[in-house]
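S.K.: If you want the building blocks of each chain, they are given just below.
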Amino acid sequence: MKRSYSVAIILVIALILLGIFAIASAQKPAQAQTSEANIVKIGLPMPLSGPASPWGLIPTPFREAWIEVFNREGFDVAGKNYKLKLIQVDDQNSSEGGAAAAKQLIYGDGCKFFAGHWSWNFPAVAAVTNPAKVIFVTRTGNQALPKSWGGLYDPKTMPYVVFGSPSEEIFIANVFALVKKFPESKQLGMLDCTLGAGAGWDQVFDVLKKAGIKYHMERFPLGTTDFAPYITRFREAGCKVVYIAGWVGETMQFAKQRWEMGYKDMVVGSSGPFVNIDMYNTVCGHDAAQGLIGQYWAPWDYKKTKVNPKYIAMCREALKIAAQKTGKPYEYTGEIGWVPSHTLILVQAMQKAGTVTDTDAIMKAIRGGTFDTTAGKWTMSGAKTYGSPVVFGSPSALCEIKGDKEVYLTEDPTPPLL
Amino acid sequence: MPPAGIWIDGLIQSCIYMTMAFGMVLVFSILGILNWTHGQFYMLGAFVVYYGIAAAGMPLPVSMLISAVLIGGLGMLVEKFIIERLTGPGYGPLYVTVATLALIFFFEGASGMLFGALDKGLATVLPGVLDLGSFSVSYQKIAVIIFTLIVMVAMYVVLNFTKVGLAIRAAAQDPVAASLHGISVGQVSLIVMGIGCGLAAMAGGIMAPVYVINPFMGRTPMIMSLLAIIIGGIGSLTGAIVGSIILGFLNSVIAYRLSYISELVLFLLVIIILLVRPQGLFGASRK
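Just so you know, the sequences run in chain order H and E.
All residue numbers for the first sequence refer to the numbering used here, where the first residue is 1 and numbers rise by one.
All residue numbers for the second sequence refer to the numbering used here, where the first residue is 419 and numbers rise by one.
For the record, the hints were derived by calculation from the structure and aren't laboratory data.
Ideal Cβ positions, reconstructed from N, Cα and C, are used throughout, including at glycine.
Be aware that a few hints might be false.
[Unchecked claim] In silico SDA-like links for lysine to any residue, alpha-carbon gap of 25 Å or less:
| no. | chain 1 | residue 1 | chain 2 | residue 2 |
| --- | --- | --- | --- | --- |
| 1 | H | Lys209 | E | Tyr678 |
| 2 | E | Lys498 | E | Ala561 |
| 3 | H | Lys402 | H | Tyr332 |
| 4 | H | Lys325 | E | Ala595 |
| 5 | E | Lys538 | H | Leu57 |
| 6 | E | Lys538 | H | Lys214 |
| 7 | H | Lys156 | H | Lys364 |
| 8 | H | Lys214 | E | Ile679 |
[Said to hold, decoys possible] Using C-beta positions, here's what the derived DEER-type ranges look like:
| no. | chain 1 | residue 1 | chain 2 | residue 2 | range |
| --- | --- | --- | --- | --- | --- |
| 9 | H | Pro183 | E | Leu544 | 34 to 42 Å |
| 10 | H | Val207 | E | Gly491 | 54 to 62 Å |
| 11 | E | Leu544 | H | Asp404 | 15 to 23 Å |
Sequences are here, hints too, so could you generate the full structure?
M.R.: Rendered as structure tokens:
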């Protein structure tokens, strides 16, 4: 009796909750119709939960601030002024999560454009966006590579995919920069999680072999915290430089442990931007964190890549707003080449096409088009390699930790894709 | 032969798994359940120690004791309000398994919301290294070895020379007979859960200066501790210790020899042990 009573109570609560959700959902379209006529929605499937969530959560204050700064002027298309609205949905950095997030953004929120995407679920998201004719601005790397390189990108079946950030090409350019910077290393050490194996790495190995660069690759199982065996193997292979593929916690632990093991001259780099310098100093220890190398996205320090001063000022303003809103210094510049750059590609393509809704016309403007963004002014390339000129250019800059700051180290424009 | 640094590393790995595995076996031997949330108590312990040191300026040992009390208390609450209810009439071990699995995501999600997305660290606690010529070991890792020794001795004393220890051993051997002799098995379960979770919290606390602190840091130690108790024999405290030592050294040496294939070898080994000796090295046979 008591048990059936409990079950009944639970059922009643569940029904009440369902009712609340139903009412809330029913009110949503009405709001959209009245206030969102001049708003272009940009969907962003991002990891907001799980181990990859820092990549989704940490840049969020800057992303939101960038949209706020951008919307002060908005943008004009066919004589009408528009504003951007960024809608983030958790993709859990998984295929299932990516597909679900894409469906929510397209069919629930009405997005015709995705930008800022970097997760590992490119094929799953592209499988949802392409049939819906939604323009999906993402990055290269992992499976997001042409079929000739072993990837899954096919310009015929994925005509609405745009590679706004050439991550694979940036990675290769960074590797060359490190080899040039540290010629004394017998061979370059490279480290990634076992999950990262695939077309992206095969392409890196291919390029290095063609260039005659010796390398030693190690992979660690997901969840590894003890890197002593890998550090020892790198040491025995004569690697004075170890480049780690974008794993933040693992990079910090590797740097700390190599220092503790006495291999203080082993240079450690990571293919991601530094999240927060204070974090690296507190996790690795101040001494072990010094000289740690990461990607650099602060355009005001670039010496080779010219970035429009207007966009530099906007980025700095957005960083200030992010700091005000979070109530503490906000230093993460890694997002500058992502959402701001991707949204500027989309906006300028809409202006060229004279429409904010006809994604076929907008894609026509994107292919082979030149766009001025926070990552510089570049022309879409990749006609021969990717099968369609939809790959944007990028600076490939590196920085190192000095004291409690990230300091510009090297910069090479990413070679154009022929 | 792997270099000396790899053997030292193996010893440290063994110590990490040992404290965790010991707590898991203790809970299993009395409650008859595998607490899948054990890794999250380890993670919460690390966060308590982090804030104890970084925000309140407490010394590491004090922070660890506070962490053991707080997280041990949280474990007791979980036992009282979730596990005890789900092991009652009409329920079974599957309910507890599902509940403790659900708690993994609850504690990880809640920690992410409470403590933020940035990784945390305590590199300034016990800084420096002991130089041993061809290699060096950090004082933080030496502290892990000393801590494990202290915990193992303390647990030996508690289990063998105190009334609580006697009650725990009695309840583990035969709960019905123990209750007929006036031992409240319910209270013993509560105490054991508190001790088990407290041990996990202290293990997390001693590891806080060594590794990165984040809401997901408990997953790997939990899996490795589970492997250790399977190798040693589920329910055997001696097995937990020996299993942890074997696993720690294997993990380090195999990773040094075979790189990432170490994971495949370790899990294959566990399957072979389960097939050849299902009760583990020190577990009692079911026959």
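S.K.: Confirm or reject each hint.
M.R.: Against the structure, the hints:
Restraint check: the Cα-Cα separation between H/Lys209 and E/Tyr678 comes to about 23 Å, which is no more than 25 Å; the hinted pair holds. A hinted pair counts as satisfied when its Cα atoms are at most 25 Å apart, and E/Lys498 with E/Ala561 does not qualify at roughly 34 Å. With a C-alpha separation of about 16 Å, the suggested pair H/Lys402 and H/Tyr332 falls inside the 25 Å cut-off, and the hint holds. Pair hint H/Lys325 plus E/Ala595 does not hold up; C-alpha atoms about 62 Å apart against a cutoff of 25 Å.
For a cut-off of 25 Å, the pair hint linking E/Lys538 to H/Leu57 stands: about 15 Å separates their Cα positions. Of the pairs offered as hints, the one joining E/Lys538 and H/Lys214 is violated, with about 35 Å between alpha carbons and a cut-off of 25 Å exceeded. Taking the CA atoms of H/Lys156 and H/Lys364, the gap is about 14 Å. The hint holds against a cut of 25 Å. At most 25 Å may separate the alpha-carbon atoms for a hinted pair to count; H/Lys214 and E/Ile679 meet this at roughly 23 Å.
Here the CB-CB span from H/Pro183 to E/Leu544 is close to 37 Å, well matched to the stated 34 to 42 Å. For H/Val207 and E/Gly491, the hinted distance range of 54 to 62 Å is satisfied, since their beta carbons lie about 56 Å from each other. Roughly 22 Å separates the CB atoms of E/Leu544 and H/Asp404, a value that falls within the hinted 15 to 23 Å.
Consistency with the previously given hints fails for numbers 2, 4, 6, ordered from lowest to highest.
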